[in-house]
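Asker: Could you slot chains L and W onto chain E? The hints should help.
So the sequences go chain by chain: E, L and W. Counting in the numbering used here, the first sequence runs from 1222 upward without gaps. Counting in the numbering used here, the second sequence runs from 17 upward without gaps. Counting in the numbering used here, the third sequence runs from 58 upward without gaps.
No wet-lab data here; the hints were simulated from the structure. Please note: incorrect hints may appear among the correct ones.
To give an idea of the chain E side of the interface with chain L (calculated C-beta under 7 Å), a few residues [what the hints assert, rightly or not]:
| no. | residue |
| --- | --- |
| 1 | Met1359 |
| 2 | Ser1512 |
| 3 | Val1516 |
Keeping only pairs whose Cα atoms sit at most 30 Å apart, straight-line, the calculated DSSO-like set for lysine-lysine is [as the list claims (entries may be wrong)]:
| no. | chain 1 | residue 1 | chain 2 | residue 2 |
| --- | --- | --- | --- | --- |
| 4 | E | Lys1380 | W | Lys282 |
| 5 | W | Lys462 | W | Lys432 |
| 6 | W | Lys155 | W | Lys110 |
| 7 | W | Lys110 | W | Lys486 |
| 8 | W | Lys523 | E | Lys1380 |
| 9 | W | Lys279 | E | Lys1380 |
| 10 | W | Lys523 | W | Lys502 |
| 11 | W | Lys276 | E | Lys1380 |
| 12 | E | Lys1380 | W | Lys242 |
Just so it is clear, the structure is predicted and the values come from calculations on it, not from any experiment. For each residue, glycine too, the CB sits at the ideal point set by N, CA and C.
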Amino acid sequence: MARYVANRLAQAIMLLVIVSAIGFAILHLAPGGPLSQFAASAQMTQEDLDRVTRQLGLDRSLPIQYLDWFGRMLRGDWGHSYRDGEAVLSVISSHLGATLELMATATIIAVLLGGWIGVLGALRRYSLFDSLATVGAMIALSIPTFWFGLVTIYIFSVKLGWLPAGNRETVGDGSFLDLLHHLIAPALVLALVETAMWGRFMRSSMLEVINQDYIRTARAKGMPEWRILTVHALRNALLPMITVAGLQFPTLLGGALVAETVFTWPGMGRLFLDSIGYRDYPVVMGILMFSAIMVLIGSLLADILYAVVDPRIRVG
Amino acid sequence: MTSAALSTVQLAPGHAAWRRFRRHRLALAGAVIILVLVLGSAFGPYLLPFDDTYIDIMKRFAPPLSGAHILGTDELGRDVLARLMMGARVSLSIGFVAMVIAMAVGIAVGAFAGFFGGVVGAVLMRLVDAMLCFPTIFLLLALAALIEPGFVTTTVLIAATAWMWVARVVEAQVRSLREREFAVAALAFGSSNLRIMFRELVPNAVAPIVVAATLNVAKAILLESYLSYLGYGIQPPAASLGNMLNNAQIYLTSAPWLAIAPGLAITLAVTSFNFLGDGLRDALDPRMNIP
Amino acid sequence: MPGIEVDQGIWWQVFSPLWFIDPDGKFVPDLAREVPTIENGGLSADGLTWNIKLRSDVKWHDGTAFTAEDVKFSLELINNPDFRARSRVGHSLVKDIKVVAPDEVHWRMEAPYSPYMSILGSLTFIVPKHILEKVTDPNASPFHNAPVGTGPFRWGERVPGDHIQLNAHTGYHGKGPYVERVVFKYIPDPTVLYTQFRTGQVDYTGLQGILPNFVLEAKTLKGRKIFVSSTSSVEHIAPNLEFGALADRTVREALYLAINKQAIIDALNYGLPTQTESFVPQQAWSFQQGLPQHKYDPAKANTLLDAAGWVRGSGGVREKGGVKLEFTNSTTSGNAVREQTQQLLIQDWRAIGAAMRVNNMPAAVIWGDFWQQSKFNSVIVGVNFMLGSDPDVTPRFGSGAIPAKGGRGYNTYQYRNPEADRLLAEGAKQFDLAQRKTTYGTLQKLIRDDLAILPLFQGFIAEGVKEGLQGFRPNINMSINCWNIREWYWA
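The shape of chain E in the complex, shown without the other chains (with noise of 0.2 Å):
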């Protein structure tokens, strides 16, 4: 088990390297820069631009400047914004937060929805329920995000009234009921595609599971069929939800990245955004390089804790 996380371990770091520098080619090889926003409105000179990307270090060589950010990456120094100076961890951290809260919500929702559909629709499978339900699901799934982001605001803020347009609180306020009342839209937002993506999983497991040996034994044994359900079956569908819940990460990070800028959401993804529109190449970098750490963290959780729970897999 050891040499098998040691050895994963080493593949994600290899992975990262790779990563970064994917990550960094394609920012610095593009055209633009972080100056070019001051170049429209501020007084500033072409002189004063040029001694800003020598202050920088943006005038040495591609390579060069990698090597040193990568250097400086394993230092634990991320870099500092071109914007506000700040560090790159610590503009990060505070943008994690609202991100994890959003992805959370929408997580709990798609999971304990999601889930309860997808078992009831395999349990009764070809029922108008399991129709209906595959239907929503890949309405659910078709349906841009962003769109019906702006038509739940259109109809929950502009017509209705009920619930704010966007942010995550009231300035002033941000008491939990003032923090629930912004989150509801957006997590809820969110948690259409990935309550449809939980339902399918769920309903093809636990349709895998029933039709197995063991449970048409218990059957035979003549166990009830509550308990054949929550002791057998649903134990076991809910095995492979591990690996899928690490490969979902990508996409529900993704997602609430769509979900942010529908409702200046102000998160990770928000901040991406803004980071690549000023060209704040260490901020976009170290939001690459995050994600995609957190990404390699789920799929190798995924696989361990599977490999912890399920007995049958031998791991080498």
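Answerer: Here is chains L and W on its own, set in the frame of chain E:
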């Protein structure tokens, strides 16, 4: 084995697949809707009395069903229906072309890595893994923000974020097929590597490829709409379903139909492709599992 | 790090300049006891020696006394080669800064430069020496996250990407402040900003203001007041004067005549902006009245082009001597109104045989080398040509200010006119207002005749204030209208 016998052997599963597919009514509906969308966006604009870029500033924001404009007019007094058709044409084209590129790259990389394995295969698949570490949208935006937006760039960008899954699927298929007897047999007959790869192995992986391709179109349409919605996609005066939404956004309170029409069109198109993909999956290989 | 516009709203609350410019364009002393003039001896007659007398009752937020040393430190910091100052225009001329007394500082200018009054008055804030001198790297100091100033508000807290809170500084040396705290909320989406203003979640919508399409509705809201005010930015089409057909003045005049400006102003911008023909805002002392008025006259445009030998070729596009009358137009992608304007222009210009194509880019790309190094054909842009309230446009229109030709400045139009150069040099040396008015008036006529830019309208901003909040005074001489929150109060 005679050639006649061979063809009957191949026909039988094809018939079964078609029967399974036909039973899948939603997939059939999806296919019909896609056909309607394609025909509508290809020929529809010629049936309308309005040009999609003709500006009539005096007739801004005419609501739907008021006068000659069936779906009303937009912020520059252009006919929304005409723009919707042209927008669908652009969005669907991007979806198809991006899919083709992603498929080509994905199949090539996957087949190569799966067939040769070893160091080349490992390096290629690690590259795939690395690319998959970025959440698609993060990668897409990072790329999009840096490149001049337009039809070609948008298409290539979307393809660039979509080929990795295909590569993975094809690699796995080819790797397992390679060990099977007919590949070994072909090798024994002295066929060249390339020939075996693309004449023997890849065709045998056609089922998952077709399904992945269909689902890929759906994904590409969604991504295009999001990119254009953020202003990084198709540029004016050309319409795409996404940039219509982008333009409509600030008029959401006063002219909501501008946002509703393209949004519904996107949902319709994407749902259709997803249903079609689902149906194809059931028909071609019921046990296949691609997310 | 050089700041962005958002920051200016904060700077005005936390820091103080030596003097500021009021809405009427007058200099009003702030940290200085009086505004230096030749009459009061603050300026020498040749404009080379500046003697500034300072207030002696000003304290930094941490209680330390403000002195002439801080002024000397601030100006030297801007000129420190290691400091990432945003701009050194004007500052680089300052030499030999001497602290004569705790409340008096003198310096010498390398050359007379009258716009420096305005630069000091609206763009330069004084920072505390006693804090920053201890810092090794002024660019990445913790000071940025907890600045100490002499302004009416002290730093409270900052939640990045969300808000910044400032609290009243009770020991403020000037008028006010009357409100206890100010929260600057970061709302990047103007639609959401408006919705929040409408529902009463924000008291004042600054910086971006209210989108034009909401203004009519906003004016009907109960308990809200809407102010539409001009800004010093001029929305214009920037031609690259070295590019193809655009280099021909006749072409520019024809294009200008073919623009349906009224449709742009009335329909796309809901009648909010005002027409202009100059790069100087109409409210400024230096504004030149009576410049030739634009008229929408496509027929005349066609006649002009016909007469100049631009003949219609294939596809209705004109050409002359192998040069086609076609070009691209760029602006920041995602700017809705500008994108609409472009599409209108395509149609307007097609009618006179000119083909324009849209080539928009994200902000970070377009304003980089593309704009700086004049790689564009034409651009729609809003530019504030003024240095504070000063009409010195040497960096915009001086022939030595073309970055694409190695010049220092941002004359990205590549405008070159010896007469303009002469007027610019003369204006910068003049300290007498009447003389300067004549000089810059002549310059405005020249730029209008050459059509170095095709002005669309003078910039505007619609800001909403909740009823009961008093003291809001738009100030065209400042980059931002919330410059005087210190004087705001709830009635």
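Asker: Evaluate each hint against the coordinates.
Answerer: Status of each hint after checking the structure:
no.: 1; hint: Met1359; in the structure: holds, 5 Å
no.: 2; hint: Ser1512; in the structure: holds, 6 Å
no.: 3; hint: Val1516; in the structure: holds, 5 Å
no.: 4; hint: E/Lys1380 x W/Lys282; in the structure: holds, 22 Å
no.: 5; hint: W/Lys462 x W/Lys432; in the structure: holds, 12 Å
no.: 6; hint: W/Lys155 x W/Lys110; in the structure: holds, 12 Å
no.: 7; hint: W/Lys110 x W/Lys486; in the structure: holds, 23 Å
no.: 8; hint: W/Lys523 x E/Lys1380; in the structure: holds, 22 Å
no.: 9; hint: W/Lys279 x E/Lys1380; in the structure: holds, 17 Å
no.: 10; hint: W/Lys523 x W/Lys502; in the structure: violated, 42 Å
no.: 11; hint: W/Lys276 x E/Lys1380; in the structure: holds, 19 Å
no.: 12; hint: E/Lys1380 x W/Lys242; in the structure: holds, 24 Å
Hint compliance for this structure: hint 10 alone is broken.
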